[in-house]
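Chemist: Top line first, the protein sequences correspond to chains X and Y.
First residue of the first sequence: 361, per the working numbering; consecutive thereafter.
First residue of the second sequence: 20, per the working numbering; consecutive thereafter.
Quick caveat, the hints were computed from the structure, so don't treat them as lab data.
Hints may be right or wrong, so weigh each one.
Some but not every residue of chain Y turned toward chain X, in silico, with C-beta under 7 Å [stated by the list, open to error]:
id, residue
1, Arg199
2, Arg225
3, Ile247
4, Ala249
5, Ser303
6, Ala307
Even glycine gets a Cβ: it sits at the ideal position worked out from N, Cα and C.
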Amino acid sequence: MSDLAPILTVRNATKHFGGVQALAGVSLDVHPGEVVALAGDNGAGKSTLIKAVSGVFQLDNGEIELDQRRVSFSSPQEARDNGIETIYQDLALADNLSIGANIFLGREPMKKLFGFLPVIDRAKMSEAAKRTMETLEFHVTRLDAPVAAFSGGQRQAVAIGRAIFWNARLVIMDEPTAALGVPEQRKVISLIQSLKSAGKGIIFISHNLRDIFEVADRIVVFRRGENAGERNPGETSADEIVRLMVGK
Amino acid sequence: MTPKPPQGNAGAALLMRIAELRAWLFLIILVVFFEVWARVAYGASFIFNVYNLQSISVFATAPLLLALGQTFVIISAGIDLSLGFVMGLASVIAAHSANFALDSLGLPPLLAMLCGILSGVIVTFVPGLVNGWLIAQLRVPPFIGTLGMYGVARGAAYLFAGGMTISVTNDWYSGIGNNRYFGVPMLVILTAIACLIMHYLLSQTRFGQHTYAMGASQPAARRAGINIRALTMQIYFLSAIMAGVAGALYTGRFSAGAPQAGEPLLLDSIAAVVIGGASLFGGSGNIAGTIAGALVIAVIQYGLVFIDVEPFWQFIAVGAVIIISVLVDQTQRKFLGGRQVE
């Protein structure tokens, strides 16, 4: 994989909040079709880094490159427009809306009724929802049902479907399995595999080392805002990763 | 993978449909009740009576206009308590402007009326924008922000009116409030047009779709790139404008601007939205439900007078319908988990 040029490169990223140095010069790269797991204790800087990459806030110093092009996003919307989708543990779906409405939330397709009246194109939304969810092996019969009617894993599939539909290059997953039961976690892991085989770059954050070892191509460990090490899952152990995380 | 609620369960699906349409169900039950009572007691019809229909529908227009804007606010998980006195303020300003245009500027009555209506609506831009600014920008809870505006608008309305009602002598203006076309009151026609526009905005545009999303989960809406601040501003702006329309039409109907025009209507507007199936927690509701809710209230109020019951019973009846409506809503949630909107 690493013979392909990286989708994302972060160099010497620093960020402080008041007196707290959240990032003290971390670096990271992600290649197409690669799952990079970010490991680290609470406060290691994982969330700070992904928020900087997804446009929630800007770095103090350091560079972010997307496809070898230097970028700086002033909003999550701008990051999304550049092909970076973020999937959160608490799902970030509007429970009262259908799958299609959630996939298109904020970018609803419009059509003209009677040739002049702009209306939301619901047929297009549910058609796109159907196709997208089929690529995830998720067969829904009730496309107009609100997503509240679905299980946690199915809802996570909707969030992932949103990333697929909008043709994201880089998908950031922040604890995507944390809110789920075990069978649902399995389903999300297999969804990550399908994102990977579709050639997306994936940043995967999890407290669950078993999930990390199962899906990651590389494990990058942060400690106190710095790179503490980088390992291939096949050449390391959970114990070693934990040692890197806590610094012993 | 099947969704949680059993798909094959026709009973659950039927229950859900009934719960969604409860406002219309209430309406039918009430109409039947009054019809039977009228036939037994007076040997006359309640509903097959043009005069009654005209009265009930005109009666429903003012609370319904307020409730249309309130529907957007409540779906977004907010509340607008200032609507009643914003309507009063609009009514007073409309009366003053129409009189000024006619008497001092010497404009013809039609133009004077238009001046009045326009001024009444435009003056509501101020409370609408301030409400939106307080809630969106300064993060004041909607209940508190609009309660403050309730007081400000109330004071302003009485000050502009000098503590009195401002009578308007303008045939065009009173015609808007009282004329009928083919038996249909002009007020009802105008309110129906407002309903159509609001239904379009809520169900067919991004503005409406984002209002639902924001009411269900503000973080989710924000992460999807929706500008929550701008949306909140727009919602409270729209709500104030609808109160402005209600106030300007009130002045036509009674040939007078009155600061207290909307005082009793604020709670009716919230009640109409809630009876219509919206949840005060946000995320659900629709215009058709709100229309039914407003009609339920109007039928109760008019019907009880019609059958010659002490008028105080109407408060009890409307209160009971609100409570039943919320109980139905909660039961439906408990049984079915998810909710269908739109």
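Chemist: Give a verdict on every hint.
Modeler: Taking the hints in turn, this is what the structure says about them:
1. Taking 7 Å as the C-beta cut-off, the interface hint given for Y:Arg199 is violated, the closest approach to chain X being about 29 Å.
2. Interface restraint check: Y:Arg225 against chain X, minimum CB-CB distance 5 Å, threshold 7 Å, status holds.
3. Nearest Cβ of chain X to the Cβ of Y:Ile247: about 11 Å, over the 7 Å cut. The hint is violated.
4. Hint status for Y:Ala249: violated, given a least beta-carbon distance of 12 Å to chain X, over 7 Å.
5. With its C-beta approaching chain X no nearer than about 6 Å, Y:Ser303 sits inside the 7 Å limit, and its interface hint holds.
6. Residue-level restraint check for Y:Ala307 is violated (minimum Cβ-Cβ distance to chain X is 17 Å; threshold 7 Å).
Checked against the numbered hints given earlier, this structure breaks hints 1, 3, 4 and 6; the rest are met.
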